[in-house]
Amino acid sequence: MSALIRVDLMLREAVDTPYSDLVTRPTGAAVRDRVLTEMRDFSDDDAQLDFSEVGLMDFSCADEVIAKLLVAILEQPLQRLMLRGVHHNHADAIEHALARYDLVIVAIGIESPEPHLLGSAPDDWRDAFRMLIRMGRAAAPPVAEALCWPVPRTVDALQGLARRRCVVAYPDATFDLGAVA
Amino acid sequence: MTRVVPVPQSLDHLSIDQLAAGIGPWPPEQRLLVDAHATEWASPAGFVALLTLGQALAEAGAAKPELTLPVKPGVASYWAKVGLLHHAEPLFDIHGKVSKRGVETSDTLVPVTIIRNAADVMEIVGGITQRATKLLMDELELDAKVVGGFGQSLSEACQNIVEHAGTAGWVAAHVYVYRKRLSGRKVAVIAVSDAGIGFRRSLEATQGKRFGDRWGDAQALETALIHGISRFRDPGRGQGLTGIKRYLTRWEGSISIRSGTARVAIVPPWDDEPPRFDGLPWFPGSQVTIVIPGKEPAE
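From first to last, the protein sequence lines stand for chains A and B. Oh and the first sequence: position 153 is 267 in my numbering, straight run, nothing missing. Oh and the second sequence: position 212 is 335 in my numbering, straight run, nothing missing.
Treat the hints loosely; a few may be bogus.
Heads up, simulated EDC-like pairs for lysine to aspartate or glutamate below, C-alpha to C-alpha not over 16 Å straight-line [as the list claims (entries may be wrong)]: (1) A:Lys182 / A:Glu209; (2) B:Lys195 / B:Glu152; (3) B:Lys309 / B:Glu419; (4) B:Lys368 / A:Glu209; (5) B:Lys220 / B:Asp158; (6) B:Lys309 / B:Glu375; (7) B:Lys309 / B:Glu246; (8) A:Lys182 / B:Asp357; (9) B:Lys268 / A:Glu225; (10) B:Lys309 / B:Glu264; (11) B:Lys368 / B:Glu345; (12) B:Lys268 / A:Glu209.
Calculated directly from the structure, the hints in this document are not laboratory data. Note that the structure is a prediction, hence the values are computed from the model and not measured.
Could you put the whole structure together from the sequences, leaning on the hints where they help?
This is the structure we're talking about:
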C-alpha cells in the first residue's frame, strides 16, 4: 500500500495562507513537520507526496520539504518516499536541493506518467532505473543483458538505487519500482 | 546645517554609487536633503535604494531627511504610481508636488513593497503570481519554465532580507526595454534592498578568519554569490543565491549585489558590468539586482 499525501493540504494545515505556493524556509519546515506526522500515522511502507495542486516552490522550500524530509526518512527502517504531480519549477528546485546532500528521489511529473530520478545519481543508476521501468520486476542478469553491461556493474547500480529506496530489492534478488510503478 | 545629497539624473543599481558618494560620514551629523529635483528616471533598484537610505537614517537615529521630488513632468507621479512615495512619506519630509494617485499595479510586476518577515515574502510571491505570469509571458514572451524561475528568484532574494539583514527591506520588480545593451529587448528587473548588517558582517563570524587581511565587503560577496556559502553550517543553506545564479546562467540573466563598499556581479555576455568592484562609496545594507532578459526577437 502507498499513502498519498497532498502537499497543498499539508501547506494549508501548517500555515495560514490563501496561496498554494511553497515559499520560505519557515513554511517549508512547517510543511515537513506536518508531512512527517502524517507519515507516522500511516502504517504503509510507501508514501507519495502529491505536488499537483502546489503552485511555485522555491529552492529553500525544496530543501526544507524534500531534502530534509528524505534525510529524516532514510534514518527510519522501512518507509519509501516518492513524488508525483511534479511541475517543472518544482523539479528544478528539488534537483538543486537534493544535489547538495547527494540524495535522489523517484518522481512522476505532471505532464508524463513515467517515473524518473530527481537529484544526485550516477548515469549508471539512471540507465538501470530506466531499464527496470521497461522490464518490470527483474533480477540483475537480464537487466545487465538488456543494457549490455557486466552483471557486477548492474548489481552495483540496482543496489545503489535500492539503498536510496528508489527501487525495491526483494529476497529473491529481483528488483522493481514498488508502489510507484 | 543641511547636507545636500544629489540624486543622479538616472538612478539605477550602478548610479547608486553617486548617491552613496553624497552621503558623507556615517551616521551623518547634519540633516540630509536628498535632492532628486533633476532626476528624470529611476529603476526599481533606485527606488528601493532611496527607501533604504531613509530607513537606515531612521534606524541610526539621524535627523529625518528631506526628499525633493523630480520636477520633470510625470516623474513624481510615476514614483507615486509604483508605490515609492507611499513608503517614502514616513521616512522623508517630502518637498514637491506629491501626487495623490494611488499605487497602481496593472503594469508593474511588483510595486515597491516592504519585506519584514516570511509572511511578507509569501504575500509578495503569492500575490503576484497570476499577473506576473501574464506580463512575463505576454511582454517578454518567456515560456513557463523561465517564468517559474522568476518567482523562485524573487522569493529567494526577498528571503535574504528576512534571514540575514536583521531589519526590514524593500522589493520592486518592473519590465523595461534595454535599448543599448540588448538592442531593444525587454527585461524583467527585480530589485531588493535592505538597511541591514550587510554581507560582510553576516558572514564574518564563520568566514572572516579564513581570509585574514583579505576579508572585506567584496570577499564576503564572492563567498556568498560565487561560492554559495552561508553563515549557517546546515548543508542546505546558501541554496537561495546559488539557485538564482543557476537559473540566471541558464537564461542569460544577470545578478549584481552591492554591499557596503563593494559590488559583485554574475555578468552575461550581453552586459559589460565589471564582475567585481571594490572601494565604492559606502552605502547602508545590501542591494540585489536581478535582470531576466525576454525572448530574443526572431530575425
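Holds or violated: lysine 309 of chain B and glutamate 375 of chain B, Cα atoms, limit 16 Å. With a Cα-Cα distance of about 13 Å, the restraint between lysine 309 of chain B and glutamate 375 of chain B holds, given a limit of 16 Å.
When you check the alpha-carbon spacing of lysine 195 of chain B and glutamate 152 of chain B, does it fall within 16 Å? violated (31 Å)
Between the alpha carbons of lysine 309 of chain B and glutamate 246 of chain B, is the straight-line distance 16 Å or under? Distance ~26 Å between lysine 309 of chain B and glutamate 246 of chain B Cα, so the pair is violated.
Within a Cα-Cα threshold of 16 Å, do lysine 368 of chain B and glutamate 209 of chain A meet the stated pairing? holds (15 Å)
Is lysine 182 of chain A within 16 Å of glutamate 209 of chain A, Cα to Cα? Given that 16 Å is the threshold and the Cα spacing comes to 13 Å, the pair holds.
Run the distance test for lysine 368 of chain B versus glutamate 345 of chain B: straight-line Cα separation, threshold 16 Å. Holds. Lysine 368 of chain B to glutamate 345 of chain B sits at ~12 Å (cutoff 16 Å).
Can the restraint linking lysine 309 of chain B and glutamate 264 of chain B be considered satisfied, given a maximum Cα separation of 16 Å? Distance of about 9 Å is within 16 Å: holds.
Distance restraint between lysine 220 of chain B and aspartate 158 of chain B, which requires alpha-carbon spacing of 16 Å or less: holds (14 Å)
Is the hinted pair lysine 268 of chain B and glutamate 225 of chain A satisfied, with a Cα-Cα distance of at most 16 Å? holds (13 Å)
Taking 16 Å as the top limit, are the C-alpha atoms of lysine 182 of chain A and aspartate 357 of chain B close enough? With a Cα-Cα distance of about 10 Å, the restraint between lysine 182 of chain A and aspartate 357 of chain B holds, given a limit of 16 Å.
Is it true that the CA of lysine 268 of chain B sits at most 16 Å from the CA of glutamate 209 of chain A? holds (15 Å)
Starting from lysine 309 of chain B, check that the Cα of glutamate 419 of chain B is at most 16 Å away, please. holds (9 Å)
Of the numbered hints stated above, those contradicted by the structure are hints 2 and 7, listed in ascending order.
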